[in-house]
Amino acid sequence: MKKFDGKIAIVTGAATGIGYGISKRLANDGANLVMVDLDANMMEQSASEIASRTQEVEISIGDVAEPKTAQEAVNKAINKWGKVDILVNNAG
Numbered sequence: 002m003k004k005f006d007g008k009i010a011i012v013t014g015a016a017t018g019i020g021y022g023i024s025k026r027l028a029n030d031g032a033n034l035v036m037v038d039l040d041a042n043m044m045e046q047s048a049s050e051i052a053s054r055t056q057e058v059e060i061s062i063g064d065v066a067e068p069k070t071a072q073e074a075v076n077k078a079i080n081k082w083g084k085v086d087i088l089v090n091n092a093g
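Numbers in our numbering are just positions in the sequence shown, counted from 1, shifted up by 1.
For the record, the hints were derived by calculation from the structure and aren't laboratory data.
The C-beta atom is built at its ideal place from N, Cα and C for all residues, glycine as well.
Careful: at least some of the hints might be erroneous.
What the hints assert, rightly or not - The calculated DSSO-like cross-link candidates involving lysine-lysine, where the alpha carbons are at most 27 angstroms apart (straight line), are:
#1 Lys69 x Lys4
#2 Lys3 x Lys77
#3 Lys8 x Lys25
#4 Lys77 x Lys25
#5 Lys69 x Lys3
#6 Lys84 x Lys25
#7 Lys69 x Lys25
#8 Lys25 x Lys4
#9 Lys81 x Lys69
#10 Lys81 x Lys8
#11 Lys77 x Lys4
#12 Lys69 x Lys8
#13 Lys81 x Lys3
#14 Lys25 x Lys3
What the hints assert, rightly or not - Derived CB-CB ranges, DEER-like:
#15 Lys69 x Lys3: 27 to 35 angstroms
#16 Met2 x Asp64: 34 to 42 angstroms
#17 Val75 x Asp40: 34 to 42 angstroms
#18 Met2 x Asp40: 29 to 37 angstroms
#19 Pro68 x Met2: 16 to 24 angstroms
#20 Ser49 x Asn76: 20 to 28 angstroms
#21 Lys3 x Pro68: 15 to 23 angstroms
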């Protein structure tokens, strides 16, 4: 059993840099993810790479400073898995 099996994580700023690294680590440790970023192209590429490491990855494109984007990410997690266990506020 991996450290984060059954856990659901939302990571903002997840397409590159620290957010991407955190997303990879969470995925390697068994978490399912909602990855959020402004850059749609990079987000698709990063999510595809990470999807090979975990059970499931959802993406949300937008600026998390906008309440609509943040709510969309939470809704994706709740609708798919019924909960959010981990929130990494990395955007910015």
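Is the Cα-Cα distance between lysine 69 and lysine 3 27 angstroms or less?
-> 33 angstroms, violated
Taking only the CA atoms, is the gap from lysine 69 to lysine 4 under or equal to 27 angstroms?
-> Outside the cut-off at roughly 31 angstroms; violated.
Measuring from beta carbon to beta carbon, are serine 49 and asparagine 76 in 20 to 28 angstroms?
-> 22 angstroms, holds
Could you grab the alpha-carbon distance between lysine 25 and lysine 3 and see if it respects the 27 angstroms cut-off?
-> Holds, at roughly 14 angstroms.
Taking the CB of methionine 2 and the CB of aspartate 64, does the distance hold inside 34 to 42 angstroms?
-> Roughly 36 angstroms apart at Cβ, these two residues keep to the hinted range, so it holds.
For methionine 2 and aspartate 40, compare the CB-CB distance with the range 29 to 37 angstroms and indicate the outcome.
-> 34 angstroms, holds
Agreement of lysine 3 and lysine 77 with the hint, judged by alpha carbon distance not exceeding 27 angstroms | 23 angstroms, holds
Has the given pair, lysine 69 with lysine 8, been kept, meaning a C-alpha gap of at most 27 angstroms?
-> 24 angstroms, holds
Is lysine 81 within 27 angstroms of lysine 3, Cα to Cα?
-> It holds: about 21 angstroms lies between the C-alpha atoms, which stays within 27 angstroms.
Aspartate 40 and valine 75 - C-beta distance against the hinted 34 to 42 angstroms | 20 angstroms, violated
Within a Cα-Cα threshold of 27 angstroms, do lysine 77 and lysine 4 meet the stated pairing?
-> 23 angstroms, holds
Does the structure keep lysine 8 and lysine 25 at a Cα separation of 27 angstroms or less?
-> 14 angstroms, holds
Hint compliance for this structure: hints 1, 5, 17, 19, 21 are broken, all remaining hints hold.
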